[in-house]
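**Student:** Residue numbers (the working numbering), protein chains in the order written: chain W, 651 to 928; chain R, 651 to 928; chain S, 651 to 928; chain V, 651 to 928.
Heads up, a few of these hints could be off.
[Stated by the list, open to error] Derived DEER-like restraints, expressed as beta-carbon distance ranges:
| # | chain 1 | residue 1 | chain 2 | residue 2 | range |
| --- | --- | --- | --- | --- | --- |
| 1 | V | Ala847 | R | Thr683 | 49 to 59 angstroms |
| 2 | V | Ser890 | R | Pro781 | 39 to 49 angstroms |
| 3 | W | Gln772 | V | Lys730 | 48 to 58 angstroms |
| 4 | V | Asn870 | S | Asp779 | 52 to 62 angstroms |
| 5 | W | Leu790 | S | Glu827 | 51 to 61 angstroms |
| 6 | R | Asp769 | S | Ala804 | 52 to 62 angstroms |
| 7 | S | Thr883 | W | Glu827 | 29 to 39 angstroms |
| 8 | W | Lys805 | R | Gly703 | 52 to 62 angstroms |
| 9 | W | Arg896 | S | Asp662 | 22 to 32 angstroms |
| 10 | W | Leu790 | V | Phe806 | 43 to 53 angstroms |
| 11 | S | Ile845 | V | Phe806 | 53 to 63 angstroms |
| 12 | V | Thr683 | W | Gln772 | 52 to 62 angstroms |
| 13 | R | Val691 | W | Leu790 | 48 to 58 angstroms |
It is worth saying that the hints were derived from the structure and are not from the lab. From a predicted model like this one, the values you see are computed outputs, not experimental measurements. Where is the CB? At the ideal position from N, CA and C, for every residue including glycine.
There are 4 protein chains.
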Amino acid sequence: MAKYRVLIDANDEKGLVYKVSKLFYEKDLNILTNNEFVDKVNNKFFMRSVVDGEVTKEELLLGLKKVLPLDSSLQVIEPKRKNIIIMATKEMHALGDILIRHEAGELEANILAVISNYDTLQPLVEKFDIPFVCVSHEGLDRAEHEEKILQELAKFSEIDYIVLAKYMRILTPRFVENFENRIINIHHSFLPAFIGANPYKQAYDRGVKIIGATAHFVNNNLDEGPIIAQDVTEVNHAYSWKDMQRLGRDVEKVVLSHALKLALEDRIFVYANKTVIF
Amino acid sequence: MAKYRVLIDANDEKGLVYKVSKLFYEKDLNILTNNEFVDKVNNKFFMRSVVDGEVTKEELLLGLKKVLPLDSSLQVIEPKRKNIIIMATKEMHALGDILIRHEAGELEANILAVISNYDTLQPLVEKFDIPFVCVSHEGLDRAEHEEKILQELAKFSEIDYIVLAKYMRILTPRFVENFENRIINIHHSFLPAFIGANPYKQAYDRGVKIIGATAHFVNNNLDEGPIIAQDVTEVNHAYSWKDMQRLGRDVEKVVLSHALKLALEDRIFVYANKTVIF
Amino acid sequence: MAKYRVLIDANDEKGLVYKVSKLFYEKDLNILTNNEFVDKVNNKFFMRSVVDGEVTKEELLLGLKKVLPLDSSLQVIEPKRKNIIIMATKEMHALGDILIRHEAGELEANILAVISNYDTLQPLVEKFDIPFVCVSHEGLDRAEHEEKILQELAKFSEIDYIVLAKYMRILTPRFVENFENRIINIHHSFLPAFIGANPYKQAYDRGVKIIGATAHFVNNNLDEGPIIAQDVTEVNHAYSWKDMQRLGRDVEKVVLSHALKLALEDRIFVYANKTVIF
Amino acid sequence: MAKYRVLIDANDEKGLVYKVSKLFYEKDLNILTNNEFVDKVNNKFFMRSVVDGEVTKEELLLGLKKVLPLDSSLQVIEPKRKNIIIMATKEMHALGDILIRHEAGELEANILAVISNYDTLQPLVEKFDIPFVCVSHEGLDRAEHEEKILQELAKFSEIDYIVLAKYMRILTPRFVENFENRIINIHHSFLPAFIGANPYKQAYDRGVKIIGATAHFVNNNLDEGPIIAQDVTEVNHAYSWKDMQRLGRDVEKVVLSHALKLALEDRIFVYANKTVIF
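Isolated chain W (complex conformation):
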């Protein structure tokens, strides 16, 4: 018996649920979970169903295509471990959290490699028998540096997601467009507050009483991609910005790992620079 995640993103019209559920019924599929959402403002319909039964992926795709509007976006996914690349710089907490989850078997992913512009994290990564690639940016301009990273990435036949686990360099549009909605970043603030450099310092200077972290897909505008997950924690006047940074790391790592899990389970739709998450 096969299991599929069916993801539909269509212009809304009457009868979509009916037509899709009719197909599931005719194919004798069990619906394990089923979520729909209609954005009335944009007239968009989103559906994620997990089904199992005796049907091939091709049959299911074909059947669905017949009943959906022509311009729909449709995915039928067989759950399997996805391939991910982690990019990091020097901080250990976000990367470490993913490595431990991976080691614990919690993560439906193969970590193909960790790429960093420093070698600081090499000892940690190699403990877990995961390839570590240092691509130093020293002496290179941004384009040259990225070109070298892209060469490293090209060595892998299939990359589902790139996870920026506190990778502290800005990616160019050229890099980003290779992986549309497939690069997940953790920004160490409650976006859109404190865009840009050193958000904890900014938060300290502004005297906020709550700090946060935001996991988002990367697009061409820094810190402005679709938000996947956010969380916050309380601070007060006694926190220096270093204290905020330390405390914030726990939020960062949990939010990033949570966003990654959502991605690995194919729970995220992106549209209008926002996410629908089932």
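Chains R, S and V: place on chain W using the hints.
**Tutor:** Just chains R, S and V now, with coordinates in the frame of chain W:
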């Protein structure tokens, strides 16, 4: 054009979504929101759809009954202001919060009356031109007191929900069975912690770092009915139990009003002493 | 026996705690609570003590002045009900929350009046026998309108705080400088995110997963005054901006009332556009 | 220049702050941070000061003893890396979180060893070059098993704290009394809710809307020791108890690591089965 909330609670079987959505399609109904949940452990199917179109309630009911398993529970509800009774004792915050929401037009409800065993709250309630009924318990045993309350309730032709807004007396099974899953209570702790009297004192004595409040339907076991909503807030060693009580009131009132809103919008299913909330 | 709140804001130097506590000891005062904080970055010392004993306010002030650096800021406050003015526009939730607390006797404040640029809230305010003053802005420019409000305020001999309970107009520097660090506003976002108009709409458009509210003192830069309190609540893709607004109101009212309570209890120090809160 | 953490736990009496701060002043010490709390109910005074200056520990101790009531509890601690033992069973998340923090240099602690009743975690621990000791409980009664653990512990000259990072066996009073207020446990529920086995299953069965975790010192009553830290996260009807467990792990690990940090920084006082935390 009519608008309906359709609530289905059935034993799960293949094709339920298909059959229901087929009916909606054939009746030319728009689906405004649609939520389903299957409890695989208990093999139970829950669905709440909000639809509009040119169909009578009777037609819709009849059509749905034909396609659902015989022992399903089905409700087709035309959204309208529900009738509620509030019961309170002396504390003002939870009652006051509901009164202000009512005054602001936020609450899809008519407050038929506020009933209390003291007259403390009478001046507040009467400011809002809402009937206040004092049914003192003095000199009465529990059964006699409740009998008098039931007599007051009998004066109203239709009561959808009774809201216990810090009503500090225990209701007997006899009273409760008149209003199964229609009495909403706010308990001033994070249930099941601190069941029973003076939970803030209990919380203080235990030295917890977080306190909470729980809105639940009342059943025959005190503080053990199905939970509708909970929330919490942080405390520390510097809080006396009176401080916890003061702080907790803000959690109580918001949680109770939120639970009431869910009930008024027909978003709550009850089964196995738990709630499914869409 | 008299009770005092002692607030000290000084440049830090060795021995401040010693000198102040020595004076308390010599005057035979009980220290009920005592909080200190030193901002090492700015070399600033903050102390709030609540003491009681047989000493006059003048004696205590005199004694403290002798031991503190010359340029210290010192307040010795006898706890009493403060006088507040509430300004609002049309929304009921924040104002209503304060009115109910006032009615419940929770608030150490006299509400001198509610001033609004509309008469929408008059019926609510008058229920509570509190003067309502409508100062319409129609046909007036900002300066003229504020002048009329200032005239109304001038009728009261002593105003401790002005609470902007969703007062939807921007105050000019001229108005604000009359009440430095005495105007408390509730902004309906998690500042500094979504400064300016319609923050819920902005939050919706940005696709955030958490919304919040911020209580702050008003200074001459809109939404940029010292933050007193913040809180947040989770949202998701299914929330319209109207839903966010409805949900956000519960956060707004609780945060504003909390900030007001801190002010009434003389717990807030302001410096460097930030607050120290004990 | 030496730095000290001064911890005072005394019966309250007038002048304690004065006498202590006088001593600090006379010894020409800088006060880096200073916190006091008086429990008026129990007439207990708590103070934690971090000071630096040119004084020996002995001088400072002697000076403080002279000014404090005879039955006071006094500690003068030179900040240094503490020695900890971690005990675990099979789960990786809480242990892994501590290992990563240790590796990142965030933890002011030497991990002397990880002791487990299974060898499941050995590969993980050894990656970090930390001794792993498997003390299987198979074929042993509880007393025999603990005796073997105590023998292992006896090999270390100084153990400051034992951290139970999901160690799934109950410790006997005999074991516990060797390490009074020095064993930190993470319980996977929001205590005192769901004491005992499988709290996530209990939480699922009760239908709660929030789950949590509690770090506490272990005393002789299971799950009833003084609470150090708690945190919670939201769940809903769609969560199986396995889902709750997965989600809860993130709360567990962060709460445990936070409690450990508080202990390592000597910020926790224990009394009346509660904690005062500065």
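**Student:** If a hint holds in the structure, say so; if it does not, say that too.
**Tutor:** Status of the hints after comparison with the structure:
For the pair Ala847(V) and Thr683(R), the beta carbons lie near 40 angstroms from each other, so the given range of 49 to 59 angstroms is not met. The supplied range of 39 to 49 angstroms is met by Ser890(V) and Pro781(R), whose beta-carbon atoms lie about 46 angstroms from each other. In this structure, Gln772(W) and Lys730(V) break the distance hint of 48 to 58 angstroms, their C-beta atoms being roughly 29 angstroms apart. Restraint check, Asn870(V) to Asp779(S): a C-beta distance of roughly 58 angstroms satisfies the suggested window 52 to 62 angstroms.
The supplied range of 51 to 61 angstroms is met by Leu790(W) and Glu827(S), whose beta-carbon atoms lie about 53 angstroms from each other. Checked against the hint of 52 to 62 angstroms, the pair Asp769(R) and Ala804(S) fails, with Cβ atoms roughly 41 angstroms apart. One distance hint, 29 to 39 angstroms for the beta-carbon pair Thr883(S) and Glu827(W), holds here, with the actual separation near 35 angstroms. In this structure, Lys805(W) and Gly703(R) meet the distance hint of 52 to 62 angstroms, their C-beta atoms being roughly 57 angstroms apart.
Range check, Arg896(W) to Asp662(S): about 24 angstroms between beta-carbon atoms, so the 22 to 32 angstroms window is met. Distance hint check for Leu790(W) and Phe806(V): the Cβ-Cβ separation is about 49 angstroms, which falls inside the suggested range of 43 to 53 angstroms. Taking the beta carbon of each, Ile845(S) and Phe806(V) are about 56 angstroms apart, inside 53 to 63 angstroms as hinted. At roughly 37 angstroms, the beta-carbon separation of Thr683(V) and Gln772(W) lies outside the given 52 to 62 angstroms, and the hint is violated.
For Val691(R) and Leu790(W), the hinted distance range of 48 to 58 angstroms is satisfied, since their beta carbons lie about 56 angstroms from each other.
Of the numbered hints stated above, those contradicted by the structure are hints 1, 3, 6 and 12, listed in ascending order.
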